[in-house]
Structure formats: structure tokens, C-alpha cells
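Student: Add chain Z to chain L, keeping to what the hints say.
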Amino acid sequence: MNRKIKKTFTYLILICISVIMVGPFLWLLLSSLLPNTNVYDFPYNVKLQSFSISNFTGVFEFVDFGNYIWNTVLISGASVFLNALIASMTAYPLAKLNFKGKDILFTIIISAMIIPSTAAMVVNYLTITKLGISDSYLGVILPTSVTIFNIFNMRQAFLNIPDSIRESGRMDGASELRIFFSLIMPMVKPSLAVVVLFQFMASWNDFLWPMIVLNSTSKYPLSAALTMLNGQFAYNFGWVAAGTVLSILPTLFIFVLTQDMFVDGVSGANKG
Amino acid sequence: MEKMKNKKKHVKSETAYAWVTMLPGLLILAVFVFWPLIYSIPLAFTDYSVVGDMHFVGMKNFRKAFSDSDFIAALKNSIQYVIIVPIIQLISLAFAVALNQKMRGVKVFRTLFYFPVITSTVAVSIVWSWLLSSGGLINKILLGTNILSEKISWLSNDQTALWVLMFITTWKGVGYYMVIYLAGLQSVPGELTEAARIDRASSIQIFFKILIPMLKPQVVMCSLMSVMSAIKVFDEPFVLTKGGPGNSTLTASLYIYQKGFQNFDFGYAAALSLILSVIILFFSLFVNLYNRKK
Chain L
1 MNRKIKKTFT YLILICISVI MVGPFLWLLL SSLLPNTNVY DFPYNVKLQS
51 FSISNFTGVF EFVDFGNYIW NTVLISGASV FLNALIASMT AYPLAKLNFK
101 GKDILFTIII SAMIIPSTAA MVVNYLTITK LGISDSYLGV ILPTSVTIFN
151 IFNMRQAFLN IPDSIRESGR MDGASELRIF FSLIMPMVKP SLAVVVLFQF
201 MASWNDFLWP MIVLNSTSKY PLSAALTMLN GQFAYNFGWV AAGTVLSILP
251 TLFIFVLTQD MFVDGVSGAN KG
Chain Z
273 MEKMKNKKKH VKSETAYAWV TMLPGLLILA VFVFWPLIYS IPLAFTDYSV
323 VGDMHFVGMK NFRKAFSDSD FIAALKNSIQ YVIIVPIIQL ISLAFAVALN
373 QKMRGVKVFR TLFYFPVITS TVAVSIVWSW LLSSGGLINK ILLGTNILSE
423 KISWLSNDQT ALWVLMFITT WKGVGYYMVI YLAGLQSVPG ELTEAARIDR
473 ASSIQIFFKI LIPMLKPQVV MCSLMSVMSA IKVFDEPFVL TKGGPGNSTL
523 TASLYIYQKG FQNFDFGYAA ALSLILSVII LFFSLFVNLY NRKK
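Chains as they are written, first to last, in this note's numbering: chain L, 1 to 272; chain Z, 273 to 566.
Bound-form chain L, shown alone (with noise of 0.2 Å):
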């Protein structure tokens, strides 16, 4: 009896958390299908009837949703890969190959992450304008191509393999090159799973960057419209509630990919 009632007790106190935890996002959909009410009215009169899905078709009508659902597209797709190959290659050798001033290189790397990054856009800014990439997906790109989070992840994940994978590869005659695309790579997936993940979060929810190097508002990605839209239409809460919950359907869709990934990558990236 006294096990049954913590049971429900905990259960309990797990539900109220998730209420305050995902309420907001769910009273945002509840929003978003309910054409011509305003968000002050919670309680919403709801009837079956009044759901409707005129929002969203209105985003993509007046507002021009698809083509910054493209934008995001793009930059995030970019952004992710270059991260998961050049992250991969970086640290890779910074955790399993033997050359001089390896372990200070790794320390002038990890130390860098002290530097505000609003600190470092306002001379990145200038770069990129020196190279002539302002304006450009590039120049949204670029910067953050690899980031030293996703280089430290990949080099703890790399730490845990042990050295015999690679020499029984260069055994059977494998090139470097080789061993780490078909040996090594295979054996560090929920890590990667783990940088796709947070690469992902972090360039389709990006929002000053691209706002500070697009002059041309049609090149905007999701989140920085999302901020235009949310000064502009401020009085159609509809439109940007809708706008809103499409933001976040990709992240969370991704997110759902790798869950199962997830804990593993993550513990494996917290080792030694």
C-alpha cells in the first residue's frame, strides 16, 4: 500500500513538471489552430468547429513561410555536415595520432571557449566583409562551420577507441585515410548522432548571426523571420503562433531521430 501511493505521489509530481515543462508549447499549438482568437482569451471557448488550420495556410500565403523554411533548410544542412566531417577530422588526430604539440595545441583550442561569442562577431563581421561573403548564405555559413564543442565531443569519443582498431587496420594495409572513414567513424556514431544534433539545434535556431551578415531579408533563415514577423504581425497572433510551431517541428523531429542515440553519445563524450 505505502509503495503504491509513492508510486502515484511520483508520478504524480512528474506530471506537473511536464505540465510546466511542454504546457507552454502545447497551449502555442492550441493557438495556433484557433483562427480569429486572441491568445488574452484563455481560456479559449473552444468548439470543435473553431479548429482550423487557416494560420498556417496563412503563413505560407501573405508571409512567405516556404521560402525561409528553404533558407533554414539550407544553412542547417550545411552547417551540420561541414561540422560532422570537419569537426571529425579535427579531433581525430588530436586524440589517437602522435605528433609534436599536440596536447598544447588541444589546450590553446579548448581555452578559446572563454571568448564571448558577441565579442568575437563584432570582428567577425569585418572578416567577413573583407572576403567579400556579406550578404551570403557563405558568410552565415562559414564562421561556424566547426565549433570547438563539437571538436572536444569528437575527441573524447575517439579517446575511447582502443589503439589495436587502428593497427590491425594498417595490418591488413589500410591507408590512414581509409581506416578512419570504414574503421573508425563506424565506432563513433552516437557521437556524431550527438554533434548532427546540437549542430542542428544550434544553426536552425540561430538568429543574430545570419541577421547581422543578411542585409536581404529573403535570405533570412526561420528564426531571424520569426523575430521580423513577431514586430510586424504582432497583432495577428495566429499568424505567428503558426509561424512559431513550424519552427520547431524540424528540431523536434530530428531530436525524436536520435534519442536513442543520445544518452549514449553524450556519456561517451563525458569519459576521461
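If you're looking for bench data, these hints aren't it; they were derived computationally from the structure.
Please note: incorrect hints may appear among the correct ones.
[Said to hold, decoys possible] Computed list of lysine-lysine pairs in BS3-like fashion (alpha-carbon distance at most 30 Å, straight line):
id, chain 1, residue 1, chain 2, residue 2
1, L, 102, Z, 488
2, L, 96, Z, 488
3, Z, 488, Z, 379
4, L, 7, Z, 336
5, L, 7, Z, 481
6, Z, 488, Z, 423
7, Z, 514, Z, 348
8, Z, 284, L, 96
9, L, 189, Z, 514
10, L, 130, Z, 332
11, Z, 379, L, 6
12, Z, 514, Z, 332
13, L, 4, Z, 488
14, L, 6, Z, 481
15, Z, 374, L, 6
16, L, 4, Z, 379
17, L, 4, Z, 374
18, L, 7, Z, 514
19, Z, 488, L, 189
20, L, 7, Z, 488
21, Z, 379, L, 189
22, Z, 488, L, 6
23, L, 102, Z, 284
24, L, 100, Z, 284
25, Z, 514, Z, 336
[As the list claims (entries may be wrong)] Selected chain Z positions facing chain L (Cβ under 7 Å, derived; list incomplete):
id, residue
26, 294
27, 296
28, 311
29, 538
Since the structure is predicted, the reported quantities are computational estimates derived from the model, not experimental observations.
Glycine included, every Cβ here is placed at the ideal spot set by N, Cα and C.
Tutor: Chain Z in isolation, oriented as in the chain L frame:
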């Protein structure tokens, strides 16, 4: 002899291979991470702006910074933000321990608790700005339950605005650290807590005396990340309050951004970011030392 030569050749080729593979990554870091740091040092001693020439102005920017009441207010707010670090860490540890049990639906709860992490600050800010406005749901709930006697405009009241932002950051961040602690808990043997339970240790004792010490590496890492991102906080005040009302939610990063990208006072912005970097370094060292002593 032949073997030695081969080995030497091998070491040489390994070194070359290492540098070649690292080249793209190092190049990007050099240009977009290290160059800003190096270049902002001389820049901080100039009056560089988009218009006009660049002049060396000595310590002027730094002197200006310490008598700039806006910057002092911003620094104070950024440092006040650090209060959330122990709160976030305790809550996320508690969540992790609660969701490390073997019970039905535990995976669903993990996903739900993690949900705010995967959403963008922009989306989160839009939702909360509606919920927290004077006619919003939060006020209705608090009025309805008689906790409040009159409406509060949470984000446009200079007494509450910063605390509300801190709450939103906490709410959005706990899931992130929870997953790291969950991963750490997997390496804590179940027999340990079992044995403690047989010895009639309470859950709270187990939490503080066994689990937290076992998770020390994770606690140190998470506190460090959390301290750094608290001092650097930018997104929440940028989207939700723009630093207002007054200066009540102006943070150091937001002020640097305003100086750099609204006033185009690059020299001054560079000086401010150097000061902020030193403060962050100081706090990180403090967290490290504190944990080592414990």
C-alpha cells in the same frame, strides 16, 4: 637500421597526415575564433568605427568603460544572472535522479523535460512574452488562485523583468544538463544506492552524500558551462526586453552588441569584450578552484 629508418619515416608521415587532416578545422578556428581575440586587443586601444580613420587612443576606452554607468549596470545584471547556476544544476540533478529509475513511461518524461532545450530562444520568447503579459495566462492563474491581488506586467516592470528572464533561462536549460547527468548516472553502480537504502539512508542523504560526489566530474563541467553561458547571456534579453525597462535587463553581451552594431563603435565594443572575457576567465577559475578544494 632499415627498421629504424622505416619507423622514422612513419612518424614523419603521421605528423604530416595529422596536420593535413586538421588543416581545414584549424584554418576556420584561426580566422573566426582566434583572430577576433587577437585583433580585438589592438582594436580596444583605438576609436575604430565604420566611418573615419582609426586613431590610437591609449587607455581611453577602458577608462570610459569603468565610468560608463550603463556598462556597470550591464555587468551587475550579468553577474546577478550567475545566481541561476546552482539552481539549474540542483534541479537538473534532481530530474536526472528521478528519471534514472526503472519505471514505466520514464522515457516519455525525459523527452518532455528536454523539450524546451530543442526549441529556439525566439520561439520560447514569443510564447513566454504572451504568457507573461499583463493580460496573459500567468496573471490570470495567479489572480484566480488569489496569489496576486493585482496584475503584474512581468517583463515591463523593472523589479521583476530580470528575474523573469532568469526563470526562462532556467526553465529552458535544465533539460540540457539533465541529459548529461543522466549519462553520468549510468556509471554509478546500482548496488551503491541499494546498500545505502538498506542502511536506512534517506533519499535526500543518498542524493547529497552518494550521487553528487559520484557525479563530480559532470557537476564540475556543467557548472563551468553554466557559469560561462550565464555571464554571456544575450538571447533572452535581446528578444524579450531589449535591455529594458530602463537598464534593468541590460546584460554585458547585449551592451557590447549595441555598442558594436548599433553605434558602430568597434573600438569601444572591443574594449568591453576584453573586460568581459577577463571576468569570465576569473569566474571559470573560481569554479575550478572551488571544486578542487571540495
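Student: State for each hint whether it applies.
Tutor: Structure-based check of each hint:
1. L:102 x Z:488: holds, 27 Å
2. L:96 x Z:488: holds, 27 Å
3. Z:488 x Z:379: Holds. Residue 488 of chain Z to residue 379 of chain Z sits at ~25 Å (cutoff 30 Å).
4. L:7 x Z:336: violated, 60 Å
5. L:7 x Z:481: Between residue 7 of chain L and residue 481 of chain Z the Cα gap is close to 24 Å, so the pair holds against 30 Å.
6. Z:488 x Z:423: violated, 43 Å
7. Z:514 x Z:348: At roughly 16 Å apart (the allowed maximum being 30 Å), residue 348 of chain Z and residue 514 of chain Z satisfy the hint.
8. Z:284 x L:96: Since the Cα atoms of residue 284 of chain Z and residue 96 of chain L sit roughly 15 Å apart, the hinted pair holds (cutoff 30 Å).
9. L:189 x Z:514: violated, 41 Å
10. L:130 x Z:332: Answer holds: residue 130 of chain L to residue 332 of chain Z is near 27 Å, not above 30 Å.
11. Z:379 x L:6: The hint holds at about 20 Å.
12. Z:514 x Z:332: Holds: residue 514 of chain Z and residue 332 of chain Z sit about 27 Å apart, inside 30 Å.
13. L:4 x Z:488: violated, 33 Å
14. L:6 x Z:481: holds, 22 Å
15. Z:374 x L:6: holds, 14 Å
16. L:4 x Z:379: holds, 21 Å
17. L:4 x Z:374: holds, 15 Å
18. L:7 x Z:514: violated, 45 Å
19. Z:488 x L:189: Judged against 30 Å, a Cα distance of about 26 Å means the pair holds.
20. L:7 x Z:488: holds, 29 Å
21. Z:379 x L:189: Between residue 379 of chain Z and residue 189 of chain L the Cα gap is close to 21 Å, so the pair holds against 30 Å.
22. Z:488 x L:6: At roughly 29 Å apart (the allowed maximum being 30 Å), residue 6 of chain L and residue 488 of chain Z satisfy the hint.
23. L:102 x Z:284: holds, 14 Å
24. L:100 x Z:284: Holds, at roughly 10 Å.
25. Z:514 x Z:336: holds, 23 Å
26. 294: This hint holds: residue 294 of chain Z lies near chain L, its Cβ roughly 5 Å from the closest one there, short of 7 Å.
27. 296: holds, 5 Å
28. 311: holds, 5 Å
29. 538: Hint on residue 538 of chain Z: holds, closest Cβ of chain L at ~6 Å, below 7 Å.
Violated hints, in rising order: 4, 6, 9, 13 and 18; the structure is consistent with all others.
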